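Below are the chains, spelled out letter by letter.
There are 2 protein chains.
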Amino acid sequence: MKRIALFTLLFMSIFTFCFGQGTWIWYPGDYDIWLGNEVNNRRTERGAFFPPFWKMDSHYVLIEFSNEFDLKTPEEIHIYAEGRYNVKLDGKLQEGMPQKMILPSGKHTLNIKVHNQSCVPAIYVEGKTVFTDSSWKVTFEDKEWIDESGKASDKSTTVYQNAASWNFDSPAQRPSLFKLDQMPMSSLGMTEVGKGTLVDFGKETFGYVTFHQLHGRGEVGIYYGESREEALSVDKCETLDKISVNNDKAEDFTLPHSKAFRYVYIESDEGVHFDSLSMMYEFAPLDYRGAFRCNDEEINRIWEVAAYTLHLTTREVFLDGIKRDRWVWSGDAIQSYLMNYYLFFDSNTVTRTINLLRGKDPVTSHINTIMDYTFYWFMSIYDYYLYTGDLHFIKQIYPNMVSLMDFVLGRTNADGMVEGLPGDWVFVDWADGFMDKQGELSFEQLLFCKSLQTMALCAGITGNETDEKKYTALSNALFSKLDTFFWDDRKKAFVHNRKDGIKSDEVTRYANIFAVLFDYVDSEKKQAIRENVLLNDAIMKITTPYMRFYELASLCALGEQPYVTKEIKAYWGGMLKLGATSFWEKYNPAEKGSEHYAMYGRPFGKSLCHAWGAAPLYLLGKYYLGVSPVKPGYEEFSVEPSLGGLKWIEGSVPTPHGDIRVFMDKKTIKVTSSGGTGYLVFSSKSRPKTSRGKIEFLGNNRYRLFLDGDGGEYILNYRAIL
Amino acid sequence: MKRIALFTLLFMSIFTFCFGQGTWIWYPGDYDIWLGNEVNNRRTERGAFFPPFWKMDSHYVLIEFSNEFDLKTPEEIHIYAEGRYNVKLDGKLQEGMPQKMILPSGKHTLNIKVHNQSCVPAIYVEGKTVFTDSSWKVTFEDKEWIDESGKASDKSTTVYQNAASWNFDSPAQRPSLFKLDQMPMSSLGMTEVGKGTLVDFGKETFGYVTFHQLHGRGEVGIYYGESREEALSVDKCETLDKISVNNDKAEDFTLPHSKAFRYVYIESDEGVHFDSLSMMYEFAPLDYRGAFRCNDEEINRIWEVAAYTLHLTTREVFLDGIKRDRWVWSGDAIQSYLMNYYLFFDSNTVTRTINLLRGKDPVTSHINTIMDYTFYWFMSIYDYYLYTGDLHFIKQIYPNMVSLMDFVLGRTNADGMVEGLPGDWVFVDWADGFMDKQGELSFEQLLFCKSLQTMALCAGITGNETDEKKYTALSNALFSKLDTFFWDDRKKAFVHNRKDGIKSDEVTRYANIFAVLFDYVDSEKKQAIRENVLLNDAIMKITTPYMRFYELASLCALGEQPYVTKEIKAYWGGMLKLGATSFWEKYNPAEKGSEHYAMYGRPFGKSLCHAWGAAPLYLLGKYYLGVSPVKPGYEEFSVEPSLGGLKWIEGSVPTPHGDIRVFMDKKTIKVTSSGGTGYLVFSSKSRPKTSRGKIEFLGNNRYRLFLDGDGGEYILNYRAIL
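Note that the protein sequences, when read in sequence, are chains A and P.
For the first sequence, this note's numbering begins at 1 and goes up steadily by one.
For the second sequence, this note's numbering begins at 723 and goes up steadily by one.
You may find that some hints are simply not true.
What the hints assert, rightly or not - With a Cα cut of at most 30 Å, we get these calculated DSS-like pairs of lysine-lysine: (1) K92(A) x K822(P); (2) K88(A) x K964(P); (3) K55(A) x K137(A); (4) K55(A) x K794(P); (5) K437(A) x K822(P); (6) K137(A) x K195(A); (7) K1263(P) x K437(A); (8) K1392(P) x K236(A); (9) K877(P) x K55(A); (10) K242(A) x K810(P); (11) K622(A) x K647(A); (12) K814(P) x K592(A); (13) K685(A) x K566(A); (14) K958(P) x K88(A).
Said to hold, decoys possible - Residues on chain A that point at chain P, a partial pick, calculated with CB under 10 Å: (15) F53; (16) Q99; (17) Q117; (18) S118; (19) G150; (20) D361; (21) D424; (22) W430; (23) A557; (24) R602; (25) G605.
Calculated directly from the structure, the hints in this document are not laboratory data.
All of these numbers come straight from a predicted model, not from anything done at the bench.
The C-beta atom is built at its ideal place from N, Cα and C for all residues, glycine as well.
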């Protein structure tokens, strides 16, 4: 049922005889903002439209596209546009809106200018050699005036970008018509409950409910539930639809709006009848490139449910909760990106989400209004560059990074630190206890420091030395204060915050977790944090998979995989034991029954399918299979596998060059990789042997083997230290 | 044919029994930007779409409207919206998109949130006491998050504005449906010319051509001309339409797009037939509140044609040329505003145009890309405040003034002066000779200085003392340099520019005109400028009515009305003698025949109906009737009438309080005014007498009489000094 894809294939096969391969193009970032707004606006709460509470930006409504050509023979081109447009050939305006024209031979310039308020100005041009692609220039301000004598202005200072595109590769695939893929799914069956009918689809899902043979007269209420209890609670379920039926002829009817649910409860007037219910499952057509298996079936099931959770939440953009919040959140999204690098490795959805979150200038508040979410946004660009090596994107987004950082720098205090000012949401995490959000939070300063480092990195990448120096100086200045301001020598840990110049006594996990992850402390302090904070039950516990993501990652970074394995089994396994078919927004083992569904003061407020619930995807890929990029785009990578108390593990991690496959048991390690160069690092009680290459001894039972990314397999014999 | 107005009346008479008077409301400035974009996008060039070459901004697509109520009894309200919306009562989201609801008695808060990408989010609420008006608050970023327990965020720091509205006072009058008024107009008749039919509408006009009894099969070309020559030039006329006819039944057909023309030439295929042509004249429904008559019939005709010219160019916004450019230009618009204060006194069209020109942040170029046009924009706000006293608008626009001035200040040189940087269009004026646009132009610095003074004034008005001090210091610093940098003591005039630190030798009129108008020089220098520049034929002549506006105003300010009267008769009278029915973009008496129609290297490139051609409206109102505001909104005003060599003059000038009527001949002055207090200042050879009040003697034949704005007439007997 990949209808769009099929259509494209047919279409292209007809046209490729005479035309080059064109694609729809637009101003970079604009389609992402437009499509993302569409998605953000699909959130509903009990039938009411529920858009975001932050500024929603628009695409540029007027765009000029241009390119230069040098043709050996005259060439016919066809022009398609989303919006009203005009065409200039060598600066001369053509009459009307030409749909085709002949380009003369020789050197020529073509300009197409498109206006569209409702959706993104976009064009598709196809000729034998002239067609739209990323070599086209775009600008929102062409400054093409003429003087009194008719002389054209000097456009040399007009700011151009290279056009952006996705995969709309035929004239009929207009970007504004984009839909995710759909396929029909049936339910486990219907049950009469109370005055209505309950339908169970067997697992968390997402799509459009279809009534079969619907007819009669009257009202129908459709109540969605991620749990049975929620669907049956017609007064309290989070999402619902209401339709009026007035049709003597029995027909199939699919609801126009998508919802997330496992259960659907139908209450209809007596005069309304239908045979059964099914659904059109809606999904992003992405392949699972990452994989993980091990000897523990519970862990395998956790990986599968995590993958399904991420697939459900990976839509036009990375959503977090698919039932209720259905907006894009920066702190949640950065985790989706990281998991994505170990499952789909889909770059488009990452950059689309980053562009949407950033929106347009001027910056009037933090991203999603949340201070920490602004910092995660910067950090996500660092990650993106490291995993994909996509320099083009860094260059495109850099000006938007600068203006967002200007906003942040405009709100620092005399010590160059950030505090929550009126209108800022200092989030950190949902916590089952009081968390002080006042003053300078150590957690926020660490994220701020990492963001400044990201700025310096990207300034360097884009060749802006002045900026690089500026951000390096700022990040160094902040870094040097972290210890003085927040490290407590008595408690051997970072304290939570500092208010009115006074260091607090309270220790929380947040800053300590990130100090380890960012490698901001020496190994002595790392060990202190491990003992005094991470493995200390007296410190307030993390109860969201969101912060567990970082907590468990930091423990893995400290080599605590065996401990983490147990935690994964207890926490994610705990949800599975309660019947979870996707992972939740929050999980507290102490809660009972339908207490698990409540949040935000509402009985079904909690999302039971939340991207940040899928953390094991990342943990198992990065810290068990042990694969991560060392240089941007996996040009260099490391493989440091860890059994974490398991008997064997195997799997693959996607990279821009292909997949890296890893197998490990207590005696053997096997690695295959294509593209880039890497090294395998491991510990062995005995001297290891390899089928290829030469093993280096690093001391202290540690060994390294350099890997050629030639697709060949390396087989090692070693003895695991348990 | 004021259909909308009629409909409203009917509608309101039905509803006012049970409902209060509501009006459609939106985020301030947004409707102006949206409607203005619609207008700017209607420009065509020989059938091709021709949008602006600067950044086109959008309205905020997501807006929250809110208000608080204290009701004695429960009240039903009806809700209408342009866009998808939700409704919260006391923070509780209501199901669906309620079209009516009951507000309970007591104190309550109502929030309505609307999304609309295509047009401006707007609402209309009507109840007995609760209805939409400017007391409603609006924001594009409501920051209404809830925490984990369901507690709502503190919204105290959300930035609200008061809602804006216009005259859409019934639910059916959706702002997006707005159209100017229309009425049918017939032509003077049809003539067969060549292969086609020429239709003459008798004068410059604007609207939609109607074919009567159109039928048959084939193509029809419609060629518009402001001149007969243009309409007949099917290859070179600036605007045209092409339609296909395929209809056996003879029917009337009106073209969907409006055009400016006097003549229409039709060439159709043989199979196409029609009986006759008429048009739907489209116009802004505004009354001429200003008036001017005198003993010279040529001057009277000039005033009438100027008024008609301004009426044609006063549309949804103030256009300049209605045939070709059909965009809004800041330098042209400021003159329309000033003329408007002496004809329609329509504030809405002024603020709508100011908002459109400014657009949204970030500022990426000068307004219309032209440096001087940025400065005129600031100056237009000074004028607007002086004439209307509209403090509310100043408060609303002030943040946008600051960000535009930040852009300007970010581009000043080491001397704090502006020079044309790459991408800036330094316009000044169209000139029939070489004009140096390099370096620091004295003209630009004067306008910049006046803009900084406007910033200081508006900062003071809005209570921002820090800004007031800053802009005062900046304007003083710049002012103090004007003399040193640009005054030439030998030539006794301001020189044109300064390049690489060297004062040029060349004197042009521009800076000298504005030095007089802004009162930037003492009376000795004013007299020097008059003789060495303004009345000196050796200085390059002004050939646009645009700069003649300021040139003649400066001469009037120096008391040269008799000279100006001759100039008006020669220049505007010259156009009338050539058959002008509206005033032109440019007029050079030395040109012959159809040379007058050429500009921009095109034979019909010149606009024959250009707002900046209507200058006499302003000159005669301000410097002959002599009426101008002294304090904002005519709270205080002055009347200094001048015969300017005429035998008698009479007329009226509109103010926010009513009209000020003035009559003057050589023996009598009569003045009537309503509202505000004013004074009449005049010269008399003999001791004057008055019917009311007491005349003060000011010395040197000058007298002053204070005027009570009570609607009563003052009659003075005096003896004119000729």
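Evaluation of the provided hints:
no.: 1; hint: K92(A) x K822(P); verdict: violated (55 Å)
no.: 2; hint: K88(A) x K964(P); verdict: holds (20 Å)
no.: 3; hint: K55(A) x K137(A); verdict: holds (28 Å)
no.: 4; hint: K55(A) x K794(P); verdict: violated (36 Å)
no.: 5; hint: K437(A) x K822(P); verdict: violated (41 Å)
no.: 6; hint: K137(A) x K195(A); verdict: violated (61 Å)
no.: 7; hint: K1263(P) x K437(A); verdict: violated (69 Å)
no.: 8; hint: K1392(P) x K236(A); verdict: violated (76 Å)
no.: 9; hint: K877(P) x K55(A); verdict: holds (14 Å)
no.: 10; hint: K242(A) x K810(P); verdict: holds (20 Å)
no.: 11; hint: K622(A) x K647(A); verdict: holds (18 Å)
no.: 12; hint: K814(P) x K592(A); verdict: holds (29 Å)
no.: 13; hint: K685(A) x K566(A); verdict: holds (24 Å)
no.: 14; hint: K958(P) x K88(A); verdict: holds (17 Å)
no.: 15; hint: F53; verdict: holds (5 Å)
no.: 16; hint: Q99; verdict: violated (13 Å)
no.: 17; hint: Q117; verdict: holds (6 Å)
no.: 18; hint: S118; verdict: holds (4 Å)
no.: 19; hint: G150; verdict: holds (3 Å)
no.: 20; hint: D361; verdict: holds (4 Å)
no.: 21; hint: D424; verdict: holds (9 Å)
no.: 22; hint: W430; verdict: holds (5 Å)
no.: 23; hint: A557; verdict: violated (28 Å)
no.: 24; hint: R602; verdict: holds (7 Å)
no.: 25; hint: G605; verdict: holds (7 Å)
Hint check: violations occur at hints 1, 4, 5, 6, 7, 8, 16, 23; the rest are consistent with the structure.
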